[in-house]
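Asker: Heads up: the protein sequence lines correspond to chains A and B, in order. Numbered according to full-length UniProt numbering, the first sequence spans residues 1 to 355. Numbered according to full-length UniProt numbering, the second sequence spans residues 1 to 355.
Be aware that a few hints might be false.
The list cannot tell twin chains apart, which means a pair is met if one copy fits it or any two copies do.
Derived lysine-lysine pairs resembling PhoX-like cross-links, with alpha carbons at most 25 Å apart [what the hints assert, rightly or not]: (1) LYS346 - LYS13; (2) LYS64 - LYS109; (3) LYS150 - LYS16; (4) LYS146 - LYS64; (5) LYS204 - LYS306; (6) LYS64 - LYS150.
Since the hints were made in silico from the structure, they are not lab data. None of these values were measured; they are calculated from a predicted model.
Each chain, written out:
Protein chains: 2
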Amino acid sequence: MDKSIKSFGSRDKLQKLQNKDSLFLCVIATTLTSRIPGITGAGASPELTDYTPAADVELILHGKPQCLPEIPQTVVGGEAAPTPAVITKAALEMAGIPFLVVDAGSAIKPSIPYVNINHNRGGNIETGAAVLNPMEIFNKGKMLGKTLSKLTDHLIIGESTPAGTTTALGVLEALGYDAWGKVSGSTPENPHTLKRQTVENGLKAAGLANDLPLDPFQAVGAVGDPMIPAVAGITAGSTVPVTLAGGTQMTAVCAFLKEAVEGFSFEDVSIATTIFVATDETADINYIAQQIAPINIYAVDPGFEKSENLGLQKYTQGVVKEGAGAGGAMLAAQLQGISIDDIRAKTEDLCREIF
Amino acid sequence: MDKSIKSFGSRDKLQKLQNKDSLFLCVIATTLTSRIPGITGAGASPELTDYTPAADVELILHGKPQCLPEIPQTVVGGEAAPTPAVITKAALEMAGIPFLVVDAGSAIKPSIPYVNINHNRGGNIETGAAVLNPMEIFNKGKMLGKTLSKLTDHLIIGESTPAGTTTALGVLEALGYDAWGKVSGSTPENPHTLKRQTVENGLKAAGLANDLPLDPFQAVGAVGDPMIPAVAGITAGSTVPVTLAGGTQMTAVCAFLKEAVEGFSFEDVSIATTIFVATDETADINYIAQQIAPINIYAVDPGFEKSENLGLQKYTQGVVKEGAGAGGAMLAAQLQGISIDDIRAKTEDLCREIF
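This is chain A alone, in the form it adopts within the complex (with noise of 0.2 Å):
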């Protein structure tokens, strides 16, 4: 295996899915947390973080957006680092991974064909009332992976969902996790005093801040996203091994389902990220990770330093880290013999073609 990938547990498991079959969803959600000013850098202003799961996924099929003028960009101190989409773009192309989009609940939806689970965005978690019908969500998404699974020898599922870092906080603390300042971000000033006022207001809006841990449905229904549920279900739901393609916010997913489905086991389960969420000072995805249960996690380095493109070299500093479920597609490509060097330059080329 790839030097580039750094393991915490098994990697045997990664071995047995070496040149098998693989299918990448995208599950794309919107919620009006994303509108709190500064609590999430996926996007040119709170208004366009509507745009950005759909522009990713345009992005990932047609080559550009087709919802927004503009390419989805990270703006942090007027530098702009592009996407994570580019990423899984340059990383699922070279190995003919076949891409399809989830929708869970975006305000935009794509101008591609996408699976339907969920047509409403999420809400503002500061209100207590996030997403309406989170049982609806989980079961649908169980359907989908049971059928996906058919179609595949391995799942690996991908999330955009600005501001989803807060609404996994949510959950997890909802669920009875220690999780305060643990979560990832994509902004190097990580804003854990936002995100957490913002999950206690949410928690004492719905009137559950004294009666945790939440039943996971009701956790996500206050203070999470529809991005959870739906990747849980189609996991549940799926007969092939899964890759939760995703940081910090894939642990949510992970408690969500140790919950919602009893006797859930994880040994066909793992989660695959950047190096970017891994090394994160400002977050630890192993420390919330050990007190759900023992998963597996990857961490892929592209490299980026070795980069001339400035915009991708931001991400060694902390910007951006991970979306798009970046750091698995990279795992899956590697997983059909591609090497790391090689994405990162097909990376730097569409970065040239598309900005």
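Position chain B relative to chain A; hints supplied.
Answerer: Chain B only, in chain A's frame:
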């Protein structure tokens, strides 16, 4: 190959598909054309035809409709025959064939995961404004076909579109084919005069009656339905063999494909339907198809005359005939080694359970 399959064309192609992985899609759409009294039997009343496609696919996945309190039945002279979705369900379940729903524009959305390629239903073709965005639907279909054909060896595409033979007639006529009195229908008394009047009114209303043959997108836009460009697009995008699972409606898809894709080859495209369509004395699927190209047509006979179920017996008297890809689903199950007698027995079991 089973004697229950009647073949118009080469059987070699069928043999190549034996025991290959297949994926069954059901493309759903509704139009205001189905509200014209007497034009279709696919619903207990003209208004309820809006629900038939969603109810059909819910029945296949859940065992009962979610959007309606009752199972869709075709009612003729006070007697009811069950929706062909029961046959589709029996065949796919026995063969373990994965089932995915594609919404090409259904007024009522099913309560199951479905792939969106178009949101809005079609209009009444009498207005000459049937489908606003046939090109967009076709292009999204192509993208979907390209992706899904990476996941299987054989795509089978069924449809559920009430009044779909009338909109198929519209497209065939608009493209210059001789199809008057040749399309099939869901009732024994095929209302050819009403269908023809409806199409002629539509072409006049669109101001195109004297401009035939039309461009295929113009034809669907004026007097077609959203299913036709959707199924055509998926077929055009596929890199694996496609079986169009339906009756005379699928000849309209073929006619559309021939004009929309320069040099389109029907080498890897077949039509599979039921014996009730193939032997329909009020229609002639072969006569229409031969005008388009040498398309292989397979017709499956489920032997319902041997059934003790009175509803299924009605099929042998010209009620229902086909729908939800029933003929293609039976063929696909037979390709996996399931016998037609077992499919009939399972269909009878499901009828007992469901009705």
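Asker: Determine which of the earlier numbered hints do not hold for this structure and return their numbers in increasing order.
Answerer: As far as the earlier hints go, 1, 5 are violated by this structure, in ascending order.
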